[in-house]
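Enquirer: Chains as they are written, first to last, in the numbering used here: chain A, 19 to 344; chain B, -10 to 279; chain C, 55 to 370.
Everything labelled a hint here was simulated from the structure, so no lab data went into it.
Do not rely on the hints blindly, as some may be mistaken.
[As the list claims (entries may be wrong)] Quick list of the computed label-pair ranges, beta carbon to beta carbon:
no. : chain 1 : residue 1 : chain 2 : residue 2 : range
1   : A       : Gly171    : C       : Leu64     : 29 to 39 Å
2   : B       : Asp45     : C       : Thr219    : 22 to 32 Å
3   : C       : Val349    : A       : Thr141    : 41 to 51 Å
Since this is a predicted model, take the numbers as computed values, not measurements.
We treat Cβ as the ideally placed atom computed from N, Cα and C, and that holds for glycine.
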Amino acid sequence: MLSVENVAVELPTPRGNLRAVDHVNLTVGAGRTLGVVGESGCGKTMLSRAILQLLPKKAKLSGRVMFDGQDLLQLSPEKLRKLRGRSLAVVFQDPMTSLNPVLTIGTQLIETLQEHLELDQATATKRSVELLAAVGIPAPEQRLTQYPHQLSGGMRQRVAIAIALSCEPKLLIADEPTTALDVTIQAQILDLLAREQRRRHMAMILITHDLGVVAGRTDEVAVMYAGRVVERAPTPALFKKMRMPYTEALLAALPRIDAAPHTPLPAISGRPPDPTRPLKGCSFSPRCRYAVARCHAEKPDLAEAETPAHQYACFHPIENHAGAAA
Amino acid sequence: MATLELTIEEDVSALPARRGRRLGLLFWFAIGWMTLMFAVAIFAHVLPLPSPTDMDMLERRAPFSMEHWLGTDGLGRDELARLIYGARISLVVGICAPIIGLTIGGALGMLAGYFRGRFESLVVGSMDVLLAFPPLILALAVTAYLGQSIFNLTCILGVLGIPAFMRVARASTLTLARREFVIAAQALGATHARILLRELLPNVLLPLLAFFLLGVAVTIVVEGALSFLGLGVPPPISSWGSMIGEGRESLEVAPRLAFLPAIAMFLTVLSFNLVGDTLRAITDPRQGAL
Amino acid sequence: MLFFVARRLLYLIPVLIAVSLLTFFIASLLPGDLAYVILGDQATPEKVAALRHDMGLDQPIWIRYFGWLGNILQGDFGRSFRTGQTVLQAVTERFPVSFELMILAEIIGLAIGVPLAIVCAARSGGAFDRFMTGSAFAMLSLPAFLSAILLIYLFAVELRWLPATGYVPFAEDPAANLRFMVLPALTLALAEWPGIMRVLRSDMIATLQEDYIALAKAKGLKASRILFVHALKPSSLTLVTITGINIGRLIGGTVIVETIFALPGIGRLLIGAIYTRDLIILQGVVLLVAAGFVVMNFIVDLLYAVLDPRIRHGHA
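Based on the provided sequences and hints, a complete structural model is requested.
Expert: And the structure:
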């Protein structure tokens, strides 16, 4: 239903063009979920903004974003507007800043409903109450007249989800929906998203920096590094046998409940390469412990491996795989 | 997991800041106009000009000529001479009054920002009272009692400027007083006077001077407004404001008599605003230019 | 909210007392003896002494202040020794003119400044934005009495569309009243819009970067709704603040504009009192204007609280 074809995003900066997204190809089928995982700055948020056409004005976007058979990049602003919020919805990272502080919860919910579904005030209000109840907000009628600052962070993110779900979208993009929330709330919100996704049979792209988040909740995972997809596989296959050293490092950096107390977390040493000065070789090579001379000299392509649908970009994929415990 | 939160922005901002924007052509035009005004005002009596107060009833509202470059006004006085002597008044009042504000307001603001506590509350409170009066109303009322003279006018406009200078000085002092070099001086046992004069004053002075130029612009406007109403400098001294006021009477027959001083005043005010605003942007302590 | 109002009210009282003190002492300590002014040419030392005694001017200043303040609290602001009119009469008679002028000026100023700010913010950095920002900066250097001359010359002298001076009360003939009011109000508005536009523009540019604007776009809302509801409403707080700050300048501008256009408002009353050295009227008007100014600032503060739900619900 959504296919991202050869999408690249360049941002002009004082130091030259920053290639935030580097020729990415992804697809999501109807009712399927895709997890996009990577460090901050790897381009995953830029990718989501590129799909939504919400990039900064000066950003240069190329490629094709096919949604329901039409290229979003070629769409007129008016057609795009009718699509957004209606078939294509989004939940942003921080519910503290993504809700308008001076408009009531009710206004922010109802305006979307009225914009796309042409409901009258009474029906729209009724729908809003149902939506708030569906995302697990107690006393939904009273919430309609409240302002965002009167709600807790978790409640606000539920409101944001209710807004996203309001017009029964075909695709929901959740951009780090739990990063800004308390750890105790995170699982609840993720479960809510997974439940609603199944119930409404919508497609979902779940963007996160946390491999643990995508583990049980997605059908497919794409790992991004320095603007590129470096490994892509069905979720079970990925966790069974990850091939890209970067994916392994990401997984190793997760804190574990079964680890002995005070075990230091194995951090990934170094930092991502400067995106304004692309490396000649594999972008991960400076930080990779398996890297050899070829890795520094040549860029590996994203290619299919022995298992179908499992792609990775690495000359030295991990053979004796280390992430079995996950 | 925290190590995964490295951002690329850190790198970008760590680069040395690009050199500030070039000052631009307009800025230099403004400087040029200000210099010209200062020059003619200072050398007004050396220039080969007719007297600005000599009337010639036969030559009333004369057009431009070799004898009177910009013609004459309603009483047959040379317009150019009156403009130039008017520049003198505008600049003298426009600069002396903000100096009063700068000195008193700056000192109060620095002391309030440095010592804090009750003294600060007292200073801020009394400034609030001064600010409770619309400035022009207060200026008018005080002029009405004191009588019209250049000295009185300067003093009144100077006092009116104190609150604004106080705020700028206090705000800068508040931020600076927490900086390392002040704390280091305190730790070394420097006296309050030394810290205020040697450490704080040089740093507070920059934003104050930028604000001073904006103060000059405002003062020229208020002086003009008072003179326009006939309540500023007493006649027959020429001032741009009173010239505009007199020119208004003959707007139908000789609009230039109002427009010439109006243009001179507008360009001068604009120049001070432009230069002041540019300097303020450069010296704004929030942008870390200090 | 109630607490907020109470705290502000409590602050209002000392400021008003200080304003009355300052007004009184300007009038009493500065040179210019009332008795000499009243008697004028016929002033002999004996007559002056007698009048001073009659008016209580020979009493200690503190007693005079409290006597004056006591009268004011009973609504007696004094009486002009020239026209015999009380200060309160004179002010209430002229207040509607000044009030109408200020309201019209603020409406025109907002009508020019707000749309320009929105258009410039939506297309910030573009040619139109740069041109308007530059124009607004230049306009800030054009004082009201200069733009008044310009407007009179253009619309009254050259085009002869509008009268340069004169006044008809609104109740008598609304159309004629507005004809007389257009130029004065426009003069004041020309001084108002640059400030409104500059502040609102930079505020809206910041607001348009917010996540909630991105979400509003992602919700598929119309551009007009995003600009006017989602972006303008948070900035309306700024608008209220700047309107509040402008009141002082607006009052000063009213004095000048009323004098130029011969409108019988408070400003003209004040100037007239200065010309005729009618010191009682002057003192009363200055006190009332300053008090009105303080109260208006108080109302702006309240408005600010009403508009910002965070303050309204006591979170700030």
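Enquirer: Please name the hints from earlier in the document that this structure breaks, with their numbers sorted from lowest to highest.
Expert: When the structure is compared with the hints, none of them turns out to be violated.
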